[in-house]
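Please build the complex by placing chain S on the supplied structure of chain C, with the hints as guidance.
Single-letter residue listing:
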Amino acid sequence: MTFVFPILLGGLALVGIPVLLHLIFRQKPKRLQFPAFRFLVKRHRTNLRKLQLRHLVLLALRVLLIAAICLALARPKLFYAEISIRGDRPVAAVFIIDTSYSMEYKTSDKLTRLDEAKHRATQLLDELPEGSRVAIIDSAETVASRGAWLTSMSQARQRIGNLNLQYANAPLNRSVLAAYRMFAEMLRGAEDEGARQLPRFVFLFSDRMRACWDAGQQQLMLDAQDQVPPPLENLQELRGDVAGLVAELNELRKKLPPPAGRDHPEQSLIAALEKLQSHIPELRRDDLAADQELAREIPIIRRGCRELLATLPQIDSKQANLAKDYRDRLVAGLEKLAQQVQGAYGIFVDVGVENAVDLALWDLQLPRGANGQERQVFNEDEKIILRVPVQAFGKDFDNEVIFQSGGNSFKHAMTVKAGERSTALFELDFAKLRLKPGMHQFEVRLNATDLLPFDNTRYLTIAIREPQRVLVLTDDVAKAKFFQKALEALRYKPDVKQVQEIAKIGPQELLHYDAIYLFNVADPDASAWSALENYVARGGGLGVVPAGIELKPAAYNSEPAQKLLPGTFKQVVTATESKGVKTGYSWDLAKESIYQHSMLRPFRDWRFNRKIDFIDKPPVAWNYWEIQPNDKGTALVDYADKKHPALLDRRLDEGKGGRVLLFTTTMDARTPEWNNYLESLTSIYVVLTGLATRYLAGELEEANLNFQCGRDVPTVKLPLSARFPDYIVRGPVFERTAGTEGTLRLEKADKPGNYVVEGVKTAADNGKQVARFSVNIPAGEADLTRVPVAEIENVLGPKSVTTVERRANIREVMGKHFSEPVELFPFLMVLLLVVLALENLLANKFYRKESTPEAS
Amino acid sequence: MNMNSEKYLRPEVIRQVARLDLRAKFIVEGFLAGLHASPYHGFSVEFSEHRKYVAGDDLKDLDWNVYAKTEKYYLKKFQAETNVTGYLVMDLSASMAYTYRQELTKFEYAICVAAALGYLMIHQQDPVGLVTFDTRIQTCLPPRSKRTQLGTILALLANLKPSGQTDVAQCLHQLAAMIRGRSLVMLFSDLLTDPEPVIEALHHLRHRGNEVILFHVLDEAEAQFPFEGIIEFEDVEEERRLTLDARNMRKDYLESLGEFKEFYKSECSKARIDYVPMDTSVNFDRALMGYLLQRQKRF
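Order-wise, the sequence lines are chains C and S. According to the numbering used here, the first sequence is numbered sequentially starting from 1. According to the numbering used here, the second sequence is numbered sequentially starting from 1.
Next comes chain S alone, as it looks inside the complex:
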């Protein structure tokens, strides 16, 4: 873990994550039940039951202790039936590197949320992988449930710098094709692209039986438009500029943004996707807790 990865384990971050950790049991037994609402048994590494070995079972799943005591072949059931595989999918577009006046950029904020979720999943032995993308999938870290996996994920993320344009839809289609089995896809993006193809791609993921949680991360400035006076706005991903009176523009901007978010919300609702809008002015743990509590109520 280099210096960059440590950034996400700074005392305040760890404190936040730790707070989650303290509540791990609570989360495991309660929230994560809702988190991946799985038809499978068990959620943890703890043993739940044995079953007799049948031909074809993987020998490495044999419980040798039981064999030593009873000389009967039993398999540890949990090993064969890990609950859910999570994918943390991070948007690497240049816009994700933006912050106006918050400590964290959208990307960093997304990492924090992802770290927390990754921590929780790894803590309960669920494998977590990482996928980053811009116009195509850049990085793909296969899901693992090792405790070192979080460090690996964070180290990888810390070394990435969001830049350039993005093609969320294309990358999600790619991801849908790539994921085997039903997984929990947690997408972190500001979604600043045309929404229709993205929705289509999300449908694709859902169609493959994946659970999708869409974390729509916006900067506080994007969410609230706090600007005053005459400002020349410059697009981050393209060479476009506009000189505007910010105060006059605020209402129009917020309306447009509201419509945009509303569109995602309704479309996601139709596709049974969890749409979680976030802005960087709200502490990510609170945002995450809020979401998890809401989700718990649902299930």
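For reference, chain C alone in the conformation it holds in the complex:
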């Protein structure tokens, strides 16, 4: 309650006057002689009590009369203590509006949820007092663009009016975090003193569908909340409530013992409350944000409140049922406390509908590769299964899923029961589909439209690769025979050449190779190193498989070589022989850190699988080159016994250039054997060749051709041989961008659809297609499961979620959250008149003067 003229409340002291007058001029009753006194004596006690009661009533009425006059003159205004949007007091409010595509859902009145949210937000905006600070955040905004307080209400209205559905959205948690940060900055900001004193609100307008709220960020949000101290008025109100609440909390353990395995945090809560209680009188409004004591105690109180409010309703025992009243009382007290220590009131206006009806194409699932990720690059002759999960909400659906590939379309009829997910399977035989090497795009859609169109179509891009070209430079082509076979088996197209031929190939032609191996070369010259350096610098991958004892370390340790290599060659390490048995060196796969590298990542899962031959019988090397990693190189894996690197890696130009992989033992068939990799005991030779080549060719960093709106910015890897000064992106969004590096980040391509990237040399150039990609709405966005209210209230506070009735206006919607101050003056005047009339009536009846003569 506030008063326009609080000083007039001093007049309340006057209520003592009637009491005083009553005592001083207590009515002297008329004295009468009365002979029939004996008949009065009998029943006078009841009458006396009635008389005293009437005296008291009259006195009370007179006191009330004066109090009502004083109160009326002070012009009180009533508002709800919980949340104070007061008619005359500005507030700082951040409006967060969900613009994700689930908000496209239309109700019977043809309004989308976004229309409803905008309507409600505008209504609320109109209700805010003059001078309020408002910021509008939509869930699609990037963090960088957030945090602007709008200068006027009309600007805010315009901003809300311009909001549209956005494909790229983050959960609202991110926006709430931004709002808390804005409040924290506002409180710390020195320039605007008035703003620091405003009550703070975060209003969220959303359909409360699953994708809008990420429960995983709860702690992050609570931490951010702790940066915003509660308003001073709340703390002052809290001060009066502490004693009662502490008394209740002291009873807690006795009346409601904690459930097994849990404990009540009431002791820390009590301690924090008592500290805060004694600290509140010292607080000044300007110092709230900087007050250390407050910053220490408020999080403890908030946490204690949250934990107890979560625990108390769960305690279910005989004793707890007996203490039901106590529990209700304590819960109410804690809820009030939680409100009082809120730095910013969060109100979630739920504009969603229960039991929404929709059939959604949930996702497109490609087969997964060895690294567990979905493959998006395939060979020309492969057959794959595309899985299309379809989710039904609200009712059963009979529908068809259509797979569209160029002019061909394939249908899959299916029935999906309400709340269930069924999967349509499409077998894609690339040969039958006559898909040539290159990138291909498809569209998958549902045959019928529904209330939520956005999740009825999804897009897909895959690449059919040509056999990748691998150049193997060697001293002796014959010795590279097995390596060549392995590459061929792995569907690569190897060119095995003498190392000297590199000079003939020319730098431009080298770029057509996806990977180059320096295989078994004893003494590569400077020109070879220079050509290779040029290749790697442009993003190429070089694998170096050393020769045996014939290798000249000087050639590898030379300056041009060291520009590329990850280490220097020291010496050959040979296994010791004991009783005719040579104990070889195997890789140390125990170290978890080695699996960070994409080439070795598959070993993480393989290492425990004894069915894999090279895990069951680990391959060993009896001889290897001891290599000292240089400052640019990294040992990927060591030999178990010696701790010398077994495999080394180097990324050029801090990752912008290509990569160099250095083996330490030979990969040819030689005598004496340096290792048993080539023996038919295990498949390690092929596996190692495959992993190394895929790594060098950049395949292991899965070429990503399918992106999700809002989750990742489409990033296109450009082929080595097709670099252009400019690129054009064609698709739902047109974008022209300059590209100098190996990848293109296409931030504007955030709408679902299939995109084509073309390289152009000049403005007039028609452009050459260099890449394709698809963008889809994240699978979760189509999830029409409602977020449990508790998840939101865990962060925003108890009873913060408000459901919207369709025809109700915002005041009704906000209910007790929205308390327009009630001017009590007229009511007090009515009360005053009533009291005055009653007083007169009673006093007249009471002290009526007798017209008849006094007793004789």
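Bear in mind the hints are in silico, worked out from the structure with no lab data behind them. Watch out, some of these pointers could steer you wrong.
With a Cα cut of at most 25 Å, we get these calculated SDA-like pairs of lysine to any residue [what the hints assert, rightly or not]:
(1) C/Lys42 <-> S/Ala169
(2) C/Lys28 <-> S/Asp235
(3) C/Lys42 <-> S/Pro226
(4) C/Lys30 <-> S/Leu254
(5) S/Lys261 <-> C/Val41
(6) C/Lys845 <-> S/Leu254
Which chain S residues face chain C? A few, computed with CB under 8 Å, are given here [what the hints assert, rightly or not]:
(7) Ile231
(8) Glu232
(9) Phe233
(10) Glu234
(11) Tyr253
(12) Ser256
(13) Leu257
Calculated Cβ distances over 12 Å to all of chain C for the following chain S residues [said to hold, decoys possible]:
(14) Asp57
(15) Val66
(16) Lys76
(17) Ala94
(18) Thr152
(19) Gln170
(20) Met178
(21) Gly181
(22) Lys270
(23) Val282
Ideal Cβ placement from N, Cα and C applies to all residues, glycine included.
Quick look at chain S alone, frame taken from chain C:
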């Protein structure tokens, strides 16, 4: 007759009494027949019959005129057999001096009624005496049927001032012992004392063969309790006070009073005593006439 006694013969009072007087014959022949329903002959001074003198008769009752004419001794029968002796018995307690807003106090009202009855009785030659009492019998004026007797009674009453406490029962017992022969005892009191001893005393009077008429005189304020507001009531005869809300008390008071009167009525009825409740707001002649008419019907 001093000034005080004249008060009861003020024109309006006389008018009232005179009205009774005008109706004297009516009353004598009718009402008084009922009033003392006597087994004796005659009610007036008028001669009814003679009887022969027998030895022992009082010589003063001899009718000398008859003797002169006939030389036979005859006695005037009426002289020897006066119908009834009346006693006007007045309560002198302080409470009888009370009036709230009426012209007459209860005592004055009682005097008026007594005067009227005395007038009637004397008018028909019935002797009337006066007894006043408070805690004991104060005055006792022997019954006479002289016309001056009324003036004497009134003069005596006018000089009395009701004051102090009363003991009705004791005084009635005393009176019962004092009265010789059967008499008509007309008691005027507000009876504001414990009723049981009074009833007992009345029984005593009846037991002695007396006819008793109990005039229960209350002030209009006592009968109707017309008070409003907060009033401190003070007892007249004792030092007692009570502060009460009169309006709220009225119902309770009237109930108590009603019970009290009902008690007297029923007890008197059992003892064949005429209980005549009166309040000072009703003109005494009307009240008296009402009673007499009612009594006439009974006999």
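Evaluation of the provided hints:
1. C/Lys42 <-> S/Ala169: This hinted pair holds, its Cα atoms lying about 23 Å apart.
2. C/Lys28 <-> S/Asp235: holds, 18 Å
3. C/Lys42 <-> S/Pro226: Holds, at about 19 Å.
4. C/Lys30 <-> S/Leu254: Holds, at about 21 Å.
5. S/Lys261 <-> C/Val41: Measuring from Cα to Cα gives roughly 17 Å; hence the hint holds.
6. C/Lys845 <-> S/Leu254: Between C/Lys845 and S/Leu254 the Cα gap is close to 21 Å, so the pair holds against 25 Å.
7. Ile231: This interface hint holds because 5 Å falls under the 8 Å limit.
8. Glu232: Cβ of S/Glu232 sits 4 Å from chain C, so the hint holds.
9. Phe233: holds, 4 Å
10. Glu234: This interface hint holds because 5 Å falls under the 8 Å limit.
11. Tyr253: Check passed: Cβ of S/Tyr253 comes within 5 Å of chain C, closer than 8 Å.
12. Ser256: holds, 4 Å
13. Leu257: With a closest approach of 5 Å, the S/Leu257 hint holds.
14. Asp57: holds, 52 Å
15. Val66: holds, 57 Å
16. Lys76: Its Cβ never comes within 12 Å of chain C, the nearest being 49 Å, so this holds.
17. Ala94: violated, 8 Å
18. Thr152: Its Cβ never comes within 12 Å of chain C, the nearest being 28 Å, so this holds.
19. Gln170: holds, 18 Å
20. Met178: holds, 27 Å
21. Gly181: The claim holds: S/Gly181 sits with its nearest Cβ about 35 Å from chain C, beyond 12 Å.
22. Lys270: holds, 23 Å
23. Val282: Given a closest Cβ separation of 17 Å, the condition holds.
Hint check: a violation occurs at hint 17 only; the rest are consistent with the structure.
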